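Chains as they are written, first to last, in my numbering: chain A, 19 to 643; chain B, 9 to 520; chain C, 1020 to 1116; chain D, 892 to 1158.
Careful, some of the hints might be misleading.
Stated by the list, open to error - Listed next, the in silico SDA-like pairs over lysine to any residue satisfying Cα-Cα at most 20 Å (straight line): (1) B:K379 - A:R133; (2) B:K379 - A:G41; (3) B:K379 - A:P181; (4) B:K379 - A:T39; (5) A:K180 - B:D373; (6) B:K379 - A:S44; (7) B:K379 - B:L389; (8) A:K42 - B:L458; (9) B:K379 - B:R442; (10) A:K613 - D:D1064; (11) A:K180 - A:V379; (12) A:K180 - B:A372; (13) A:K458 - A:D571; (14) D:K1078 - D:V1057; (15) D:K914 - C:V1097; (16) A:K42 - B:V383; (17) A:K613 - D:K977; (18) D:K914 - D:R980; (19) A:K180 - B:V296; (20) A:K180 - A:G41; (21) D:K1078 - D:D1103; (22) B:K379 - A:W177; (23) A:K591 - B:V296; (24) B:K379 - A:E546; (25) D:K977 - A:Q615; (26) A:K613 - D:D1103; (27) B:K379 - B:R365; (28) A:K591 - B:R365; (29) A:K458 - A:E546; (30) B:K379 - B:A364.
Calculated directly from the structure, the hints in this document are not laboratory data. Since this is a predicted model, take the numbers as computed values, not measurements.
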Amino acid sequence: MLDLSWLLIAIPLAGAALLLTWGKESDAFGHLIATACSAASFVLGAIMFVELLGRDAGDRSVTTSLGTWIDAGHFHVDFAFTFDTLSSLFVLLITGVGTLIHVYSIGYMAHDERRRRFFAYLNLFIAAMLCLVLAADYLVLFLGWEGVGLASYLLIGFWQHKPSAAAAAKKAFVINRVGDLGMALAIMTCFAWFGTSSIAVVNDQIDTVSGTVATALGLLLLWGACGKSAQFPLQAWLLDAMEGPTPVSALIHAATMVTAGVYLVVRSHDVFDASPTARGFVIAVGLITLLAGAWIGCTKDDIKKSLAGSTMSQIGYMMLAAGLGPAGYAFAIFHLLTHGFFKANMFLGAGSVMHGMNDDVDMRRYGALRSAMPITFYTFGIGYLAIIGFPGTSGFFSKDKIIEAALAHNVWVGIGALVGAGVTAFYMTRMMLMTFFGEKRWREQVHPHESPSVMTTPLIVLAALSLFAGVMALGSWIEEWLEPATGHAVHHDPPLPIIVITLIVLLVVAAGVALAWLAYGRQQPAAEAPADSEVSFFTRAGRAELYGNAINDALVVRPVTHLTRALVWGDGKIIDGLVTGSADRIGEISGELRKPQTGFVRSYALMVLGGALVVLLGLLAVTLA
Amino acid sequence: MMLSLLIAVPLLGALVVALLPRSEDGRTARYVAVGVSILTLVMSLLLLREFDLEVGGYQLTEQHEWIGAFGVHWALGVNGIGLTMIFLTTVLTPIVLAASWNDKADDPGRTNAYFAWLLALEALAIGVFAATDVFVFYVLFEATLIPLYFLIGGHGTGRRSYAAVKFLIYNLLGGLLMLASIVGLYVLSTQQGGPSFLRADLAGLDMSATTERLLFLGFFIAFAIKAPMWPLHTWLPDAAASATPGTNVMMVSVIDKLGTFGMIIWCLELFPSASEWAAPVVLVLAVVSILYGALLAIGQADLRRLVAMTSVSHFGFIILGVFAFTSTSMAGSVLYMFNHGLTTALLFLVVGMMIARRGSGLIADYGGVQKVAPVLSGVLLLAGLASLSLPGLAPFVSEFLVLVGTFSRSIPLAAAATVGMVLAAVYILLMFQRTMTGPLNERTSTFRDLSPREVGALAPAIVLIIGLGFVPQPLLSVIDPAVDPVIATVGEGDPPQRAPLDLTQQTEGDHE
Amino acid sequence: MTEYITLSTLLFSIGAVGVLVRRNAIIVFMCVELMLNATNLAFVSFARQHGNLDGQVAAFFVMVVAAAEVTIGLAIIVSIYRTRRTTSVDDANLLKA
Amino acid sequence: MTAFWTLAPVMVLAAMGLIFARKAVHAALCLAVVMISLAMLYAAQDAPFLFAVQIIVYTGAIMMLFLFVLMLVGVEARDSVVETIKGQRAAAAVVGIAFAVLLSTVVAQSVSLAVVGLDGANADGNVHGLATLLFSRYVLAFEFTAALMIVAVIGAMVLAHRERLVPPPTQADLQARRMRDYAESGKHPGNPPTPGVFARHNAVDTPALLPDGTPLPESVPGTLTPRPQGGTEDADRAVAQIEATGPGPDERPATTENPETTEGDDQ
């Protein structure tokens, strides 16, 4: 069974192809086909996972090749897939959460006339994402890498009639492409130095090249990861991506695709192990994004954007963990998985809220939804507890481990992570309070209601996962499981006993919760957001997404726009001007030469005689000379 | 005889179509033309049976004396590169003809001429790709200008006569430079044992470095104009904006390939050391083409001009791959020629269908088309994604091969060229966003979606683009054996792999 | 001998000037004839100087050709006159660019 | 050398006449003078055959052709004194003189060899010598000139020929027209009286007198009505006279009333 990796990808891909080419008659049941494809992939993945469980630790990696993809000159790439401990977890996450979201979307998109297309894109995404995590070769990974980018583009811009959605989709794709630039260059570097882009070979032989090359390779991979995972400095697309339908935000922009960067770093762990510099950059990127995302999450009133900020922040945690080296890889993946559950859960919950609130996303117009939609409230609440790291929930285990490891690595990094945890507690509590507690601030004609069971069932499942996924950490199971893929973790002792650290974290979290309650629980938030001029700089900057767009505009977009205009002008006036100009000059010269052509035979005769005279003079001159 | 026959069939077809009685709707001419093009396609597939993939070098050769006094031979033969290009031509022509079904519907009197010129163009293009005598090559190379001139000037729209004259003079200028070089080769070959224009004879000529460089420049400039390479590209947007979609496809997808094809087959093989001498400059110009074409594509207001500028960018990649002198990049370039042909054909045809519906080529005149014409917009998106080299679609494989090969030769150039990938995303998605998404434009609300005939005409291209994205090997196995001999003639061959522990090479980062 | 040649060149030049200044096509034609005759004189003179008859043969041919030329030329003048009612060479200026 | 020194000034003067003569006829006469003188110079240079040919072909045939055409297109045509092309005359004079000086200097300097004379070549007679050359070495050129002559003849015929666009009027047509003219304008349908009737002279150019003594211009054949012979006054007078008298009845009406019939008539 383990050599069926390709089938995992092929099933949803076939589903996507079928739905995209089948005509309108499949509108009625297209979503079912898609969901079935995703579920089939999940079932297959689960069987393969169980089979992998049954193997010895050293034997838990199966690589299958479908044959040659490209063989030209000295370049050779096989369509090869690796099913190992790391990818198996991802397969389960992607297909599992993916299937739940498929189910959820059946209800969420019920009234959309292009629902079949939506499901086709979802299937396409699942296929591409599986290709990404199963790839045994960086180029095959790149295929999935750009494939998820395409799916993300299509899904963010799914409501294309909204100009903002179309623009957001384009922005996401273009910024992702900037990241892909790094990815592409990384693959070229692999080829130039190792003669192959096979992930296994590169990781195996990284010790044979100089540290410069390893650092360069690591930084290029990080560059690619930043684009896909919305890490600083390529973070600007993620908040705009919330223009897409909410299930998309849950699946792609919270649970799976945006974590691909973390996957890439962990997958290329030997490269990063070989270069402390590159790892330092990973930590820096993770830390910056962690804090920036949290900051943004505190200030947004749009529930989805606030969640998106939170996503950035949580991925920052994972990056940070991945940057810590062997000690952190397993925790990065662990947090990635738990985050996949609780964040998907919360996004879907937000979707459920929006569903009941006529697609309003402004939390200032929510309030007191606790009773109106109880299932949503409870499931969302479990997600909330998980994300702030309430003891016993999955988030508690995963985040705690990261903070411990960070403290063990460097005190300041650890403190940064700790502050992040506090801020997370603050903004999540704020979200909770503004949405479900307090007084009604609904608009008229809004009648909140609980979503249909097709939507709430996935919520319940995900809530359960959020609650209990922590069991993976029991007895360091996850670390041992991942050991074949990420190498053996050497634990440094943290500066303080673990129990003390845990208590400190809990204290910080509690402080965050308390602050939020003081600000939003004890007093009612205003139904209208205060104007920018009335709020502090911190809020203004957060609302402006820390001026990321302004900086991009000033540094890239505007210069390129001006350059483009100048080049268009120059192309017409200068380069083409030279061409047409030379034609004009020739025209002018012939115009001048035309003037002596009076048409009078006698003038011509005079010229002939004059010419003869000149020839004669010339001959004479030559003879005499 | 196979190759001569392959040229003769479309040429005779063109003659027949031209001489057919003019019917009310020009239906007969269309059927005959499509039939002939499909026959040609089948014949070109039969070539494969005769062609031995294991053996490199020229096959299916034939040689007859033509003008004995000058040593001119009617000599034909193909290697893997030529065969690939012939495939491209024979595959695209039926697609073009089928997609151009309704062209000239308002002018039935000239349908015959239109389709006849297109077929003639196919025949001439096949001839150029198959010629192994430089004289024959030159004659056919220049002869392609004639059908194109009439197709642009006679059957185009807008400022068509301006565009046609500009196209003609610009390309003629290049052709004349090449003629000068050919005369030079003739003189040299006469001095060294009798006049001959055969490739095999010319490749063995002794010449001084200066002579070789001058002769090389004559050829290269002609090819660079044809390709078109920055800064010799300005004829293309004007021609593309005035020509019909079918003409554009034949011009950009097939005829412009003569330029890059010529660079590989003639420049590199006849003037290896001059090619090496020129390579640094050419490589820089190629990268400039990539970035410049992409930036200009972003700034275009007209769809056809946009597609034309994207081609300038893509031709930059092809030239980059050729002059990087690695077998990987050159195989990539040849594959790129094929893939770019398909992609640009699809783009031009879809854009042409949009323009036929809307009556305007301006991007600003569109908006929200996706809502009324989802299939059309889907095909446009697919073509666009292919154009921006999305992995999984054919152009990605070739573009990546070019970049990988170039990277092993020069890291900065490859890195700069890679930026073109980002710009490609910008120009394609910006165009898609402006035309297809957003609120429905009043004038576009009556858009018809693609008809079954149109889908049928485009389907082969779509299938090939997706299929070759995942399974490029059938073509690469044709191309690869042909590339190695070319690389072997130029320079030191492939750069060695950067030995993992060789620190000096790593820090230099560049082998040149 | 030089005097014959000088006379020949003189006549030739006079004929040439005549072509340039006269506007009546017939007179222009006569001037052309004068130039031809001048060359004939040179031919005949050179024949005597070199002591062979080739020059005279050449002169003979010039005469024949001149006769043919006059025939055609005059026919052209007549037909131009018939359509334009003038023999002035200045009126036939369709070559004007 | 006597012949030369006698004839040379005459020739130059006559040639100048070609430039300065205002009447075409005078120019033609000057040219004839030059040609005859040339013939004599040929004779003086041991070229008797060419002497004869020059007289016969040039002075006889070509000059006659010139004069004939002159008559055909009107001897009255005179060049205007005003030069229409700016600077043409001055430029022509300068270039012409410079050309003459330069050419004679160059040629004269290069022709310094001794004169061999034609006595040897003409031993069997000049005509015999020429014929030997013509029919041996130059026979091909000779044949070509023959072809050229034929072509020239055909060419002249083609150029001078005019296609008849409508059938020629028959007797019946002419009769019908005469009667129509009489009906419409009262023109006398019958023959006019012969010239000279009742006049003082019976010469053919004297109009007949009507019974009341007034002259009848129509009686004089159209070809004999006075035509301008040069000078604008003459021309004006002639035109006035023609207008006063009107064309004779034998004048072909085709040219005046029926311009599309293009018969070869130039008054």
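Comparing the hints with the structure gives:
1. B:K379 - A:R133: holds (14 Å)
2. B:K379 - A:G41: OK: K379 (chain B) and G41 (chain A) at ~16 Å, within 20 Å.
3. B:K379 - A:P181: With a Cα-Cα distance of about 13 Å, the restraint between K379 (chain B) and P181 (chain A) holds, given a limit of 20 Å.
4. B:K379 - A:T39: OK: K379 (chain B) and T39 (chain A) at ~17 Å, within 20 Å.
5. A:K180 - B:D373: holds (18 Å)
6. B:K379 - A:S44: Holds. K379 (chain B) to S44 (chain A) sits at ~19 Å (cutoff 20 Å).
7. B:K379 - B:L389: holds (14 Å)
8. A:K42 - B:L458: Given pair K42 (chain A), L458 (chain B) holds - Cα atoms ~15 Å apart, limit 20 Å.
9. B:K379 - B:R442: holds (13 Å)
10. A:K613 - D:D1064: With Cα atoms ~55 Å apart, K613 (chain A) and D1064 (chain D) exceed 20 Å; violated.
11. A:K180 - A:V379: Answer holds: K180 (chain A) to V379 (chain A) is near 16 Å, not above 20 Å.
12. A:K180 - B:A372: holds (17 Å)
13. A:K458 - A:D571: Judged against 20 Å, a Cα distance of about 39 Å means the pair is violated.
14. D:K1078 - D:V1057: Not OK: K1078 (chain D) and V1057 (chain D) at ~25 Å, beyond 20 Å, violated.
15. D:K914 - C:V1097: holds (18 Å)
16. A:K42 - B:V383: holds (12 Å)
17. A:K613 - D:K977: holds (14 Å)
18. D:K914 - D:R980: Within the cut-off at roughly 18 Å; holds.
19. A:K180 - B:V296: violated (36 Å)
20. A:K180 - A:G41: violated (25 Å)
21. D:K1078 - D:D1103: holds (19 Å)
22. B:K379 - A:W177: Holds, because 10 Å separates the two Cα atoms, which is no more than 20 Å.
23. A:K591 - B:V296: holds (18 Å)
24. B:K379 - A:E546: violated (35 Å)
25. D:K977 - A:Q615: It holds: about 14 Å lies between the C-alpha atoms, which stays within 20 Å.
26. A:K613 - D:D1103: violated (67 Å)
27. B:K379 - B:R365: holds (15 Å)
28. A:K591 - B:R365: violated (32 Å)
29. A:K458 - A:E546: holds (13 Å)
30. B:K379 - B:A364: Within the cut-off at roughly 18 Å; holds.
In the structure shown, a violation is registered for the earlier hints numbered 10, 13, 14, 19, 20, 24, 26, 28, in ascending order.
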